[in-house]
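Novice: Each chain, written out:
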Amino acid sequence: MTTAQSLPVTAGFDAEWGARALARAAEAHEPQWALERRRAAEAFARALPFPNREDELWRRTDFHALEAALPTLDPFSATARARGVDDLPAAIVERLAGEAGNAALVVQRNGDVVLEQTHPELVRQGVVVGSLDRGFREHGARLQEAFGSLLASDYDRYVAIGAALSAGGAFVWVPDGVTAALPIRLFHWLDGAGRLAAPRTVVILGRESHATVIEEMLSEPGESSEAADAVAFHDGGSELFVGDGSKLVYGTLQNWGPSVYHYSNHRARVGGGAELQWIQTVLGGRVAKANSYFDLAGPGASAYVHGFMFGDQRQHFHLHTLQRHLVPHTTSDLLIKCCLKDRARSVYQGLIQVSEGAQRTDAYQANRNLLLSEQARADSIPGLEILANDVRCTHGATIGHVDAEQMYYLQSRGLPHLDAQRLIVEGFFAPVLDRIPLESVRDQLRGVIRRKIG
Amino acid sequence: MTTTPRLDIREGYAEKFGFHDAEQYVFKSRRGLDAGIIEQISEMKGEPRWMRDYRLKALEIFGKKPLPMWGGDVTGIDFQNIFYYVKPTSEEAKSWEDVPADMKRTFNKLGIPEAEQKFLAGVGAQYDSEVVYHKIKEHLEKQGVIFLSCDQGLRDHEALFKEYFGSVIPASDNKFSALNSAVWSGGSFIYVPKGVHVDVPLQAYFRINTKDMGQFERTLIIVDEGAWVHYVEGCTAPIYASDSLHSAVVEIIVKPGARCRYTTIQNWSNNVYNLVTKRAKAYRDATMEWVDANLGSKLTMKYPSVFMMEPGAHGEILSIAFAGKGQHQDAGGKVVHLAPHTTSKIVSKSISKDGGRAGYRGLVRVQKGAVDCRSTVNCDALLLDEASRSDTYPYMEIMENQVTIGHEATVSKIGDEQLFYLQSRGINKDEAAGMIVSGFIEPIVKELPMEYAVEMNRLIQLQMEGSVG
Numbered sequence: 011m012t013t014a015q016s017l018p019v020t021a022g023f024d025a026e027w028g029a030r031a032l033a034r035a036a037e038a039h040e041p042q043w044a045l046e047r048r049r050a051a052e053a054f055a056r057a058l059p060f061p062n063r064e065d066e067l068w069r070r071t072d073f074h075a076l077e078a079a080l081p082t083l084d085p086f087s088a089t090a091r092a093r094g095v096d097d098l099p100a101a102i103v104e105r106l107a108g109e110a111g112n113a114a115l116v117v118q119r120n121g122d123v124v125l126e127q128t129h130p131e132l133v134r135q136g137v138v139v140g141s142l143d144r145g146f147r148e149h150g151a152r153l154q155e156a157f158g159s160l161l162a163s164d165y166d167r168y169v170a171i172g173a174a175l176s177a178g179g180a181f182v183w184v185p186d187g188v189t190a191a192l193p194i195r196l197f198h199w200l201d202g203a204g205r206l207a208a209p210r211t212v213v214i215l216g217r218e219s220h221a222t223v224i225e226e227m228l229s230e231p232g233e234s235s236e237a238a239d240a241v242a243f244h245d246g247g248s249e250l251f252v253g254d255g256s257k258l259v260y261g262t263l264q265n266w267g268p269s270v271y272h273y274s275n276h277r278a279r280v281g282g283g284a285e286l287q288w289i290q291t292v293l294g295g296r297v298a299k300a301n302s303y304f305d306l307a308g309p310g311a312s313a314y315v316h317g318f319m320f321g322d323q324r325q326h327f328h329l330h331t332l333q334r335h336l337v338p339h340t341t342s343d344l345l346i347k348c349c350l351k352d353r354a355r356s357v358y359q360g361l362i363q364v365s366e367g368a369q370r371t372d373a374y375q376a377n378r379n380l381l382l383s384e385q386a387r388a389d390s391i392p393g394l395e396i397l398a399n400d401v402r403c404t405h406g407a408t409i410g411h412v413d414a415e416q417m418y419y420l421q422s423r424g425l426p427h428l429d430a431q432r433l434i435v436e437g438f439f440a441p442v443l444d445r446i447p448l449e450s451v452r453d454q455l456r457g458v459i460r461r462k463i464g
Numbered sequence: 009m010t011t012t013p014r015l016d017i018r019e020g021y022a023e024k025f026g027f028h029d030a031e032q033y034v035f036k037s038r039r040g041l042d043a044g045i046i047e048q049i050s051e052m053k054g055e056p057r058w059m060r061d062y063r064l065k066a067l068e069i070f071g072k073k074p075l076p077m078w079g080g081d082v083t084g085i086d087f088q089n090i091f092y093y094v095k096p097t098s099e100e101a102k103s104w105e106d107v108p109a110d111m112k113r114t115f116n117k118l119g120i121p122e123a124e125q126k127f128l129a130g131v132g133a134q135y136d137s138e139v140v141y142h143k144i145k146e147h148l149e150k151q152g153v154i155f156l157s158c159d160q161g162l163r164d165h166e167a168l169f170k171e172y173f174g175s176v177i178p179a180s181d182n183k184f185s186a187l188n189s190a191v192w193s194g195g196s197f198i199y200v201p202k203g204v205h206v207d208v209p210l211q212a213y214f215r216i217n218t219k220d221m222g223q224f225e226r227t228l229i230i231v232d233e234g235a236w237v238h239y240v241e242g243c244t245a246p247i248y249a250s251d252s253l254h255s256a257v258v259e260i261i262v263k264p265g266a267r268c269r270y271t272t273i274q275n276w277s278n279n280v281y282n283l284v285t286k287r288a289k290a291y292r293d294a295t296m297e298w299v300d301a302n303l304g305s306k307l308t309m310k311y312p313s314v315f316m317m318e319p320g321a322h323g324e325i326l327s328i329a330f331a332g333k334g335q336h337q338d339a340g341g342k343v344v345h346l347a348p349h350t351t352s353k354i355v356s357k358s359i360s361k362d363g364g365r366a367g368y369r370g371l372v373r374v375q376k377g378a379v380d381c382r383s384t385v386n387c388d389a390l391l392l393d394e395a396s397r398s399d400t401y402p403y404m405e406i407m408e409n410q411v412t413i414g415h416e417a418t419v420s421k422i423g424d425e426q427l428f429y430l431q432s433r434g435i436n437k438d439e440a441a442g443m444i445v446s447g448f449i450e451p452i453v454k455e456l457p458m459e460y461a462v463e464m465n466r467l468i469q470l471q472m473e474g475s476v477g
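Top line first, the protein sequences correspond to chains A and B. Heads up, the first sequence is in our numbering, so the first residue is 11 and it goes up one at a time. Heads up, the second sequence is in our numbering, so the first residue is 9 and it goes up one at a time.
Bear in mind the hints are in silico, worked out from the structure with no lab data behind them. Be aware that one or more of the hints could be misleading.
Derived DEER-like restraints, expressed as beta-carbon distance ranges [stated by the list, open to error]:
id, chain 1, residue 1, chain 2, residue 2, range
1, B, 109, A, 68, 25 to 33 Å
2, B, 376, A, 441, 25 to 33 Å
3, B, 380, A, 69, 56 to 64 Å
Reference excerpt, derived from the structure (chain A facing chain B, CB under 8 Å, subset only) [unchecked claim]:
id, residue
4, 387
5, 391
6, 396
7, 405
8, 407
9, 411
10, 417
EDC-like, lysine to aspartate or glutamate: derived pairs with alpha carbons at most 16 Å apart [to be verified]:
id, chain 1, residue 1, chain 2, residue 2
11, B, 73, A, 384
12, B, 454, B, 324
13, B, 53, B, 100
14, B, 376, A, 64
15, B, 376, A, 389
16, B, 219, B, 324
Predicted model, so just to flag it, every value in this text is computed and none were measured. All residues carry an ideal CB built from backbone N, CA and C; glycine is no exception.
All chains should be built: construct the whole structure from the sequences, respecting the hints.
Specialist: Pasting the structure below:
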C-alpha cells in the first residue's frame, strides 16, 4: 500500500476530489486506518488507466461517454437527513408498501445516508444495522479486518475511484446463533443526472445465524427526454461474509432511471456448511455493468444465484458472475434469465472456477435469453475452468425468441398479441421471481416487467 | 481406492513417430525472418510478382500485430531462431520410386504408401517446407479433379488460384495468418469440378524433420457446385529438445449444393507449437464439416470455422482434444451465421490427464438479418486425474431474434458407478476404463474414416491396459 503514493498519474481523475473526500471522511470521524486506505485508493484512482477494450471484461461494454462526463459529475452534494419515512422519495415509500415498521431500513440518497431505522426486536437480538459511517465509529475493530478484504481498491480504476470517494453505504452485523427477526432493507436513491454516488456496504453473518438483506436501487423515473448526454454514475461495492453454518438471503434489485451508468462489484465469501441465496435483477440504467462474485471457502458451503435482466430501448446490461469453488465438497447453482426488446443489448459472462484439490464440487450455471425484437442483441459467454477431477460441472446457455406456437395458442384463446407476449415473458421470469422473499417486492417487480412489455 | 487410469494414446510416440532422418536438404534459409528471406523464398519458387508482393505485405502486417494475450502461452516462440524455409528435394516426385530413400523410409514407417493403395483417392506428402510427393487416382484426374501441392497449384492454375487465395482468410486476420501468408510453402491445392463426387478421401501427410524448423503449409480447397470431397490430413514430427512452429492456413470454398469434409489427425510431437487458422465459406445449401482431432503438440490454438454465407448452408465441427503431460490443447471452433435458414452444430470432447490442459473455445455468431438459424453446441470434458485442467469458453453473439441457439457443457471424471457396473459384469478395471473413454469419444471417432477410427480405438484400448488401480 505504501507504494501507492509513488504511483504515476493518469488523466481522468480529479485530484481535488480525493482531497475533498478525505476531508469529508475525517469530518465524519472515519478511523485512521480507513482514512489510510482511502488515501491508497485515491493514489490508484489517479494512477490506473480506465479499463479498455483489450480487457476481456470490458470488450463488450462501452463506458466512454461516462469517462468523458465524469469530471462534470458531483460526488459531494449534501442531502438533508429525512425525519421519517414520509420524507423519502415517493418511489421508495411505494416500495415499502406500508412495511417500513416491519423491517430495518438504511436509505441512501445520492452520497448520503438520509435514514437509518432499526427495530427494537433486532436491537434486542444484537443485530446491527446502520450506515457504514456509524459502523466505522461503533464497530471499527470488526470492520477493520473485513472491509476491503474481498474487494481490493486496485481491482480496476472505477473500483479505486469508488473506494476513494466512497460515502454512505451500510453495515449489517448478525451475531452468532441469531436469526434476524425482520428483513433488512437497504435503499439507494439517485436524484437523476449529474450525481455520482459510491457507497460501500459490508454484511457480516457470524456462525449459525440467518438474515435476509434486500438492496434496492431506484431513481427518478421517466426523464429519458432530458439531454441525452446527461448522466449519473453509481459506483457501488458490497462485501458479504457468511459465517460457518449461516444462511444469508440477499437481493440486489436494480431499477435505475435512464440517465444512470451503473457499475457494481459484489463479493461474497461463504463459510463451511453455510448457504448464500442471492437474487439479482437488472432492469434499469442506461449502461449497467455488474460483477457478482462469490467464493465457496469452507467444506459444505453452497450458493444459489437466481437473476433476471430485462432491457428495453437502448439499454445495455453486462453481468459477470464468478462461482469460485476453493475447497472440496461445495455446491453452486446459478440461473440467469435475460429478456430483451427494442434495441437493448445484454452480455452475460459467467465463469465456474474449481481450484486445485477442490474435489466433489458440484457446480451448475445456466443462462437463458429471450429476444423480443429484431434489433435486440444478446451475448452469452458461460465458461468453465476446472482444476480438479472429481467434480460435476455443467453449464448451459440458450438464446431464442418467443415460440410461435405458444403465441398462436394464446392468441387462438382470444388473447391480444401484447397480452400473450406478456404472459410468455412473465412465465419466462417466473422461476426467478418466485425466489424473491418479499411478496410486496415480487408484485412491484411484476409491475415493472409489465410496464416494460408495454 | 481411487481411479487414476494412465491413459496415454501417445505412449510409444518416440519409437513410432519421434525418429528423425539426418538433415538433408537442397536449400535451407538462414535462421530468422526478414524481407530478404521472403524474397529468397519467392525467388526459389519462381513465383509471380503479385505473390511476392503479397508475402512482403503480409510480413509487414505480421510485424505490426501483437501476440495474442489469451489462450495459450506463445511467448516462448523465438521468431528469429526459426528456419522458415527448408527445401528437402529439388522437385516433387510423381511416384514413390522417385522419392529420396530417407524420406521414403520415413513415410513408409508412417504407413502412407500402404494407406494410399488401400483406401485413398490421392495422397500428398510434405516434408519440411515442400511437398515431396503427390498423386491422385487417374479416374479422378480425368474428371477434372485437381489435387496438387499449393505451389504447383499456383504455377499450373494461376487464375483460379489468384481468385480464391486469401479470400477466406486475409493475411491481416491474425498474427499467425499474417506469418503464414508471408512464408507459406507447401500444402494442398484442390479443385473439385461441378457435380463430381470424390467418394474416397484425399489425404495429405505433413512431416517436420529439421530441428528448429517452422512449417507453414497453405491449403486451398475449392469444391464447385454439387461436388463432394473428403480431405484428410495427418501430421507428426521428431522429438527434439527445442521447439518447432507449425502455423498453417487452410481456406475452403464450398459452393452451392457442395459438401466438404476436412479431417485432421494432429499428432505432432510435444515440442511443436501448433497455431493454425482454418476457415470455410459455405454457400447456398452447402455443407462444411470439420473433424478435428488434436492429440499432439505442446500448444495447439486452433478453431476451425464455418462462415455460412447463403441460405441453407450447414456447418459442423467435431473436435477431440487430448492433453497429456505438458500439453495445452486450446481447441474449439467457430460458426458464423451470415444468412437466414442456416444451421450449425459443434460437438467437442476433451480429455486431460497427467497435468495436461485441454479445452474448448468457441464462437457462435448470428449476424443481423440471419433469421431462422439454429445452432447447438455440446462440450464434454473428461478429467482423468486431479493434476489436470479443463477449460470451456463458449462465446455466443446473437444479433437476431428469430433463432434457436443452445450450448451445453459438462466436465466430469470417469464415473465410479460406471466402473463398478462394468466390473460387476466381469470386465476388469483397465478394460472398463478403456471402454468408458472409447464411449466418451465415440460420437466423433465414428465420423473418422474407418481405418482411422479402428486405429484410434485400438490405441486407446491398448494404452488403458494395466493403467488403472
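Novice: Work down the list of hints and note, for each, if the structure agrees.
Specialist: Results for each hint:
1. B/109 to A/68: 25 to 33 Å: 58 Å, violated
2. B/376 to A/441: 25 to 33 Å: Taking Cβ atoms as reference, residue 376 of chain B and residue 441 of chain A lie about 30 Å apart, which means the hint holds.
3. B/380 to A/69: 56 to 64 Å: 28 Å, violated
4. 387: 5 Å, holds
5. 391: 5 Å, holds
6. 396: 4 Å, holds
7. 405: 5 Å, holds
8. 407: Since the shortest Cβ distance to chain B is 4 Å, the answer is holds.
9. 411: This hint holds: residue 411 of chain A lies near chain B, its Cβ roughly 4 Å from the closest one there, short of 8 Å.
10. 417: Where the cut-off is 8 Å and the nearest Cβ of chain B is about 13 Å from residue 417 of chain A, the hint is violated.
11. B/73 to A/384: Roughly 35 Å separates the two Cα atoms, so the pair is violated.
12. B/454 to B/324: Within the cut-off at roughly 15 Å; holds.
13. B/53 to B/100: Distance of about 12 Å is within 16 Å: holds.
14. B/376 to A/64: The given pair, whose Cα atoms are some 25 Å apart, is violated under the 16 Å limit.
15. B/376 to A/389: 13 Å, holds
16. B/219 to B/324: 36 Å, violated
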